[in-house]
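From first to last, the protein sequence lines are chains Z and U. Going by my numbering, the first sequence opens with residue 24, and the numbers climb by one from there. Going by my numbering, the second sequence opens with residue 261, and the numbers climb by one from there.
These aren't lab readings, by the way, just hints derived from the structure by calculation. As the structure is a computational prediction, the values presented were derived from the model and not from experiment. Treat the hints with caution; some may be incorrect.
[Unchecked claim] Here are the simulated PhoX-like cross-link-like pairs (lysine-lysine), alpha carbons at most 25 Å apart as the crow flies:
1. K468(U) to K485(U)
2. K501(U) to K524(U)
3. K501(U) to K423(U)
4. K541(U) to K158(Z)
5. K439(U) to K462(U)
6. K541(U) to K160(Z)
7. K524(U) to K158(Z)
8. K462(U) to K493(U)
Read off the chains here:
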Amino acid sequence: MESLGVLLLHPMDAYLEQELARRCRLLRFCWDAPPDRRDAFLRAHAGSVRAVVTGGVAGAGAALIDALPRLEIVACFSVGFDRVDLARCRERGVRVTNTPGVLTDDVADLAVGLAIAVLRRIPQADGYVRAGQWKAKGDFTLTTRFSGKRVGIIGLGRIGLAIARRVEAFGCPVSYYQRTKRDYPNYTFFPTVVELAATSDVLVVACSLNEQSRRIVSREVIDALGPGGVLVNIGRGGHVDEPELVAALAEGRLGGAGLDVFEDEPEVPEALVALDNVVLAPHMGSGTRETRRAMADVVLGNLEAHVSGKPLLTPVV
Amino acid sequence: MASSAAVATVSAELPSLLLIRRLDPPFAAALRQRFRVLDFFASGEPLPAFLAAAASSPDPPRAAVIVGGGVVRVDAAFLDSVPSLRCIVGTGTGVDHLDLAECARRGVVVANAGAVYSVDVADHAVGLLIDVLRRVSAAERFVRRRLWPVHGDYPLGTKLGGKRVGIIGLGNIGSLIAKRLEAFGCIVYYNSRRPKDLVSYKYFPNVKDLASESDVLVVACALNKETRHVVNKDVLEALGKDGIIINIGRGANVDEVELIRALKEGRIAGAGLDVFENEPKVPAELLTMENVVLTPHIAVLTSESRSDLRDNTIGNLEAFFAGKPLLTPVLPM
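Extracted from the complex, chain Z is given alone in its bound form:
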């Protein structure tokens, strides 16, 4: 694919960038430049860009798609594609791919890791030791057992199922909500998220973000989860009513939260940083060397398939 002009929207992975440079005609977008410079760049290169490689948070909006008349494919270095204007892509006949499957285990691992970290207060305990408090003040606080906690999963897709299998090993009963009930002998279906939250100790967001799931974790759901409940979000910041979440955590109406995603990454509300009943992660659900490499190979594989007229590996559109 040496003649394929690829626009890399922002730095995302050294191996991916190196392979794109080696195998295609790579253009690096001036992501941090002011809007007029970005527009000028796109105008200058519009003729040669046939592929865009983007990340989950950056996506590819209508303005970008419209600025690239020769665009044939948008390859996402993420499983989420909520920020790609799919309608515009369909109109223009632009293909879209993502990276499902390869990151399922890592994201599920982090979801469970965050749940344990929140319930057992591991980062806070680590901070207690580093600040010399163990010597100065004595024992840390009592926390609550993770094993056996009722886990409610919003979205029992690949990632949701991987989370379910992990927490089962801790004796956690699993319930779920999604649009259609399936036949899982060991998992209890709830027709609404509020009912799911009311019967869960740990509520995990594991669905994709779209019009139906935006702010699916509403004030009502947060209240149902309650002062003993913990929210774990490894989906998208947009799944949660963030101001409501922050208020509930600060006021003790929600017990705790483990958050890998936020509405306005990389900005995290000051009020969240001030709390000690939360564990905050910088969107690293797929953040391992092994998985990012596998994701890069999926992106490259999709581009190769596209230029050789073969079926795309993981098409969204």
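For this one, chain Z is given, so just place chain U on it according to the hints.
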């Protein structure tokens, strides 16, 4: 007459109980409901005087709840000073504060905490392992220090799936850890004094060989003469520069000086430690490392463990006083 400083209930119908352990209020109340409690720490007396008073009281105690960890040793002299004692209930899993041979000789039955703590310790071990491999606590500090908008992504961690985890000690805790880690796609190996029947994990008769074939070593064994510094310089070298140590056993299971040296020199990749050789002192070099997670001996510190311990202790005492077998006997075996 029991010393007036000993905290005791009024009713003479409740059996006497010797208590040598500090208790949280719910536990203390639960015992007082059922027993006439002779409370050493509340008495403020020296141990010999306290024991003498207990022995000469109208209803000398037949059972005792005694804390471990070196506060008191239940040996021949102790048992001689309260000859009415027929049952000792420990509140930990370790019983090295009890002279079991002496207890056996006298027909004194002994119970420990059984598997009361095992689940919470196993969960904490898994939490530490995920934290170290995926850098949860370190990335958390990064976010709280407002570095995410400045530096972009936090450095990548490493995947759990496919990691070979060598568990030193496949008892209650080790087995629970193994079962949990299998669900994450880890490959479990183990070492213990003898291979376990009905276990499908690969057995290694020596810890150094276990280390050389493992990516993560989890210390889940008791502390005794054989296991002191079981993780030593040779084992760390066998584990190698990509290896991780998780310690939820006892600080002295690991040669702490060698561990710190190996971490400083990059000869191992990281560690998750809940226990240290000289608690609550944690060596200063560890406090600034980004590739370690340090917790202040909290693996059993949950409210559920507390209430399970209370139920287990009372269950053992009630069984003894009803002439039934102990729930979690150490003696008779």
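Hint by hint, here is what the structure shows:
{"no.": "1", "hint": "K468(U) to K485(U)", "verdict": "18 Å, holds"}
{"no.": "2", "hint": "K501(U) to K524(U)", "verdict": "11 Å, holds"}
{"no.": "3", "hint": "K501(U) to K423(U)", "verdict": "14 Å, holds"}
{"no.": "4", "hint": "K541(U) to K158(Z)", "verdict": "6 Å, holds"}
{"no.": "5", "hint": "K439(U) to K462(U)", "verdict": "14 Å, holds"}
{"no.": "6", "hint": "K541(U) to K160(Z)", "verdict": "12 Å, holds"}
{"no.": "7", "hint": "K524(U) to K158(Z)", "verdict": "23 Å, holds"}
{"no.": "8", "hint": "K462(U) to K493(U)", "verdict": "23 Å, holds"}
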